[in-house]
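Engineer: The chain contents come next:
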Amino acid sequence: MEDQKTVSFMRLLSDESIESTLSSDSCEYYQTEIYELLPSVQAVRSQQDTYDTLKSSEAYHGGQGPEEGFGSDTQSRGSREKVFLQPLRNLAMCMQGKRGARERRKMQSSNIGFWESGRRSQCINRKKIWAQMREAGFSLLPWQHTLHKIQGRFGIGVKSYFVFLRYLIYLNLLHSALIGGFILGPTAFYGTNSSESLRFGTNDSVLDFFLGSGFLARSPVFFGFYTRGSLDLICLNTPLLYLAGILSIFFCSIIMIVRRTTVGYKHTWMLEKRTSMNVSFKIFCGWDFNIQDPAAAKLKHSFIRNDLKLFLEEQSFSLRKAQRTLKHKVCLYLLRLILNLVVLSLLGGAFCLIYFSGKISRRESPKHWFLNLVLQYLSPITITFVNLVLPHMFRKISAFEDYSLTFQVNATLVRSIFLKLASLGIYLFFIFNETLKHPSCRENQLGREMYKLCIFNFLTTFFNTFFMNYPRKLLQEKYPTSLLARLAGKQRFLIPFNVLDLVYIQTVSWVGVYYCPLLPLIGIVTLMAVFYIKKFSVLRCCVAEQRMFRASNSSVLFYFMLLLGLLMAATTPVLDFYQSKQANNFRIYCGPFKNQETVFNVTNVCVKSLPSSAQTALHYLSSEAFALPLLLAEIIILTSYVSRGRANRKAIERLKDMLVMCSSDKRFLVKQHATLLKGQKNANRVRPVAVEQTKLLHEESL
Amino acid sequence: MGTTASQLGKDSLSEYQELTFLTKQEILLAHKRFTELQNRDERNHLNATRVPMEKILTLPELKSNPFRKRICHVFSTSEAKDGSLTFEDFLDLLSAFSDSATLEIKSHYAFRIFDFDDDGTLDCGDLEKLVNCLTGETDDTRLTSEEMRQLISNILEESDIDKDGTVNLSEFQHVISRSPDFVSSFKIVL
Numbered sequence: 001m002e003d004q005k006t007v008s009f010m011r012l013l014s015d016e017s018i019e020s021t022l023s024s025d026s027c028e029y030y031q032t033e034i035y036e037l038l039p040s041v042q043a044v045r046s047q048q049d050t051y052d053t054l055k056s057s058e059a060y061h062g063g064q065g066p067e068e069g070f071g072s073d074t075q076s077r078g079s080r081e082k083v084f085l086q087p088l089r090n091l092a093m094c095m096q097g098k099r100g101a102r103e104r105r106k107m108q109s110s111n112i113g114f115w116e117s118g119r120r121s122q123c124i125n126r127k128k129i130w131a132q133m134r135e136a137g138f139s140l141l142p143w144q145h146t147l148h149k150i151q152g153r154f155g156i157g158v159k160s161y162f163v164f165l166r167y168l169i170y171l172n173l174l175h176s177a178l179i180g181g182f183i184l185g186p187t188a189f190y191g192t193n194s195s196e197s198l199r200f201g202t203n204d205s206v207l208d209f210f211l212g213s214g215f216l217a218r219s220p221v222f223f224g225f226y227t228r229g230s231l232d233l234i235c236l237n238t239p240l241l242y243l244a245g246i247l248s249i250f251f252c253s254i255i256m257i258v259r260r261t262t263v264g265y266k267h268t269w270m271l272e273k274r275t276s277m278n279v280s281f282k283i284f285c286g287w288d289f290n291i292q293d294p295a296a297a298k299l300k301h302s303f304i305r306n307d308l309k310l311f312l313e314e315q316s317f318s319l320r321k322a323q324r325t326l327k328h329k330v331c332l333y334l335l336r337l338i339l340n341l342v343v344l345s346l347l348g349g350a351f352c353l354i355y356f357s358g359k360i361s362r363r364e365s366p367k368h369w370f371l372n373l374v375l376q377y378l379s380p381i382t383i384t385f386v387n388l389v390l391p392h393m394f395r396k397i398s399a400f401e402d403y404s405l406t407f408q409v410n411a412t413l414v415r416s417i418f419l420k421l422a423s424l425g426i427y428l429f430f431i432f433n434e435t436l437k438h439p440s441c442r443e444n445q446l447g448r449e450m451y452k453l454c455i456f457n458f459l460t461t462f463f464n465t466f467f468m469n470y471p472r473k474l475l476q477e478k479y480p481t482s483l484l485a486r487l488a489g490k491q492r493f494l495i496p497f498n499v500l501d502l503v504y505i506q507t508v509s510w511v512g513v514y515y516c517p518l519l520p521l522i523g524i525v526t527l528m529a530v531f532y533i534k535k536f537s538v539l540r541c542c543v544a545e546q547r548m549f550r551a552s553n554s555s556v557l558f559y560f561m562l563l564l565g566l567l568m569a570a571t572t573p574v575l576d577f578y579q580s581k582q583a584n585n586f587r588i589y590c591g592p593f594k595n596q597e598t599v600f601n602v603t604n605v606c607v608k609s610l611p612s613s614a615q616t617a618l619h620y621l622s623s624e625a626f627a628l629p630l631l632l633a634e635i636i637i638l639t640s641y642v643s644r645g646r647a648n649r650k651a652i653e654r655l656k657d658m659l660v661m662c663s664s665d666k667r668f669l670v671k672q673h674a675t676l677l678k679g680q681k682n683a684n685r686v687r688p689v690a691v692e693q694t695k696l697l698h699e700e701s702l
Numbered sequence: 001m002g003t004t005a006s007q008l009g010k011d012s013l014s015e016y017q018e019l020t021f022l023t024k025q026e027i028l029l030a031h032k033r034f035t036e037l038q039n040r041d042e043r044n045h046l047n048a049t050r051v052p053m054e055k056i057l058t059l060p061e062l063k064s065n066p067f068r069k070r071i072c073h074v075f076s077t078s079e080a081k082d083g084s085l086t087f088e089d090f091l092d093l094l095s096a097f098s099d100s101a102t103l104e105i106k107s108h109y110a111f112r113i114f115d116f117d118d119d120g121t122l123d124c125g126d127l128e129k130l131v132n133c134l135t136g137e138t139d140d141t142r143l144t145s146e147e148m149r150q151l152i153s154n155i156l157e158e159s160d161i162d163k164d165g166t167v168n169l170s171e172f173q174h175v176i177s178r179s180p181d182f183v184s185s186f187k188i189v190l
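Residue numbers (full-length UniProt numbering), protein chains in the order written: chain P, 1 to 702; chain C, 1 to 190.
It is possible that part of the hints are untrue.
DSSO-like, lysine-lysine: derived pairs with alpha carbons at most 30 Å apart [claimed, not checked]:
hint : chain 1 : residue 1 : chain 2 : residue 2
1    : P       : K309      : C       : K69
2    : P       : K127      : C       : K129
3    : C       : K55       : P       : K298
4    : C       : K129      : P       : K656
5    : P       : K437      : P       : K594
If you're looking for bench data, these hints aren't it; they were derived computationally from the structure.
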């Protein structure tokens, strides 16, 4: 107790005294001579100065320089061991210094025993091989050059969008591989029992590719194609493989995304919670060394300046917030309440719109093909329209709410995420209910809806870029002074909204993969196209943003949103199964599970064929009796981690206190020593003068 | 390509690969770019000649960097401290700024670049110069002295752990190690 009190007192004291010591002392303690000789400073310096010492030692024809010897003396043996095992390139020296270090290593290794040197060289070789493999892996990543270019002009934030896009393409590649292995492969090999031959008939038109009907409905794109094949063992048949493929897709995605999210989350957590190092980051990591374009550099300057000013303003904003009167507060909360109600009513209106559009498009289809097309696409059009307009309104609304700026951005994002996922959810709920009424191969109908959503989203991206953004840009270039051009304003690449689009597409793809197994393949194609379209849009039409996004923060947010989408996608089929279970006389009319009540009949048949011990084990694993111990074990593990984290935090606090104490001791001693030295020098300087003066006096008196 | 490779020599190429984080292609590209900066008669003896700082600064990768002069000074091994670079210094520079350089190396060199007076710590003067470099050097882009004072006291409060009024290397690395953005932004690729 006593200790802690004094320590905190010391910290307080040093906190306050910094300013005074800094301003009052003309000679800083780190500029004194004795400071240079401190062991802690020497240890750091010895690395930096190796080159100089080496050069001097070279002049002495090899051998170790004097300071070199000193530095290695002060370093402990453990750290030297570490340094020795480090690859040469990890040393912070110049080339000549590294060469010298290599020579020294060779000399040392001749002194060490045979086994030791063998072990070390093995260790180094292993590291080399790993590095080479990693290098080869990196060179395989596509679009490295494009990303580099985009980063150079628009900063890390925009690049992180494209990296996210690339990640989604990889994810879809993995999904396609799984689909190929579990579903397409067996179907192609063992064939299907369907008698219809797959041919582009006279009744089919190109329109089918947009509507997902006719030719496409018979093709392998949809669920209905995959009937029970000739591979028909009890525990190895095509329906079971189908189920396994879909489940493995969900498992793989969950594992990959959770991993990404946790890695990113750890970073942000370290950034935000424990240490508020915001300004230091802005200063020390502020400059993006990739920037080559002078205009971009200018922009970065102004961005950093604005950011710093914003920070200083926010500091005073929090001061102002503390000084708000009661009347102000009441007004503000009332305003926020009203605005939130407005947001809620907007959301409600949007959901109603989606619901009714679904109802209308289900009515009798008109004869004319174009009207039919529009009517068929009415729901996707409504959803996309709502998702295009409302986020911008949210952005405007949140500006009135007198939050700090970062909070504003986050509030808009959260509302937009909610809108996107909820509108999709409403639509799904609607079509699940509708298709239950017309049960003729409802899986194909559901798959068709998902297919249409995907296609339409891609089409909007395409048209938005080439018929909205690009003409706007052309107009601004040709007639920069016209009223229309000025009204249109400069176009910015709004990262959060674009990412939301991607998350939405991926969610649709996950929801639809059960009903339309080729969606990941379609996803790869569309995402690749989106990559090039967006690249064109960014490089050709957009100016860089004034407020840049912090890459790390945003990418965690991206993956978190993706996780939300995945969770939603995973819950919808489950809900669907239970809903259809409760409907009377429900049967699956097509596809691999034809004439069965639920999908899990296939697995039940398989489980029943197993020996009884395995059966009981499986039953136990799926029962509540197993879930409880699992939950308990998880709780215990979590608790231990949390308590360990707390203990570590306490230790960090104490170590910090110790550091402050040590450094204040050091400062005190250095100053004391410096004043002593000064005093001695003065005394030395004074003494000869005094002697001469006495001499003079002596002579005069004589 | 063949001519440059033969000019550089296989031995020195593999040595450079061992001592730097650069790949073979990157070293060859660096060599090509470096010889373009040299005079015609200097090209034959690569390591004997130094390219003056003014010429290095004409590289587009460095041209718009506010720390370009400091970078040259830090990586220069010249005795006259004029910031001129030999080819090996140039490789050192690229290695520290390359994709695969470790956080430790990067933060070490970042510290030295930001340490304008080369005294081994970042004091108030260094920080002020650093902030000026970041916001732009002209008078109307600079922060006011009041803002600067507030900012520097904020920085020191956050990152000066031992409260001695300066940020030393280990404190600097402590801050940097918590920033996931640093590695991706402290990069210069030819």
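Engineer: Would you pick out the hints that fail for this structure and give their numbers low to high?
Structural biologist: 2
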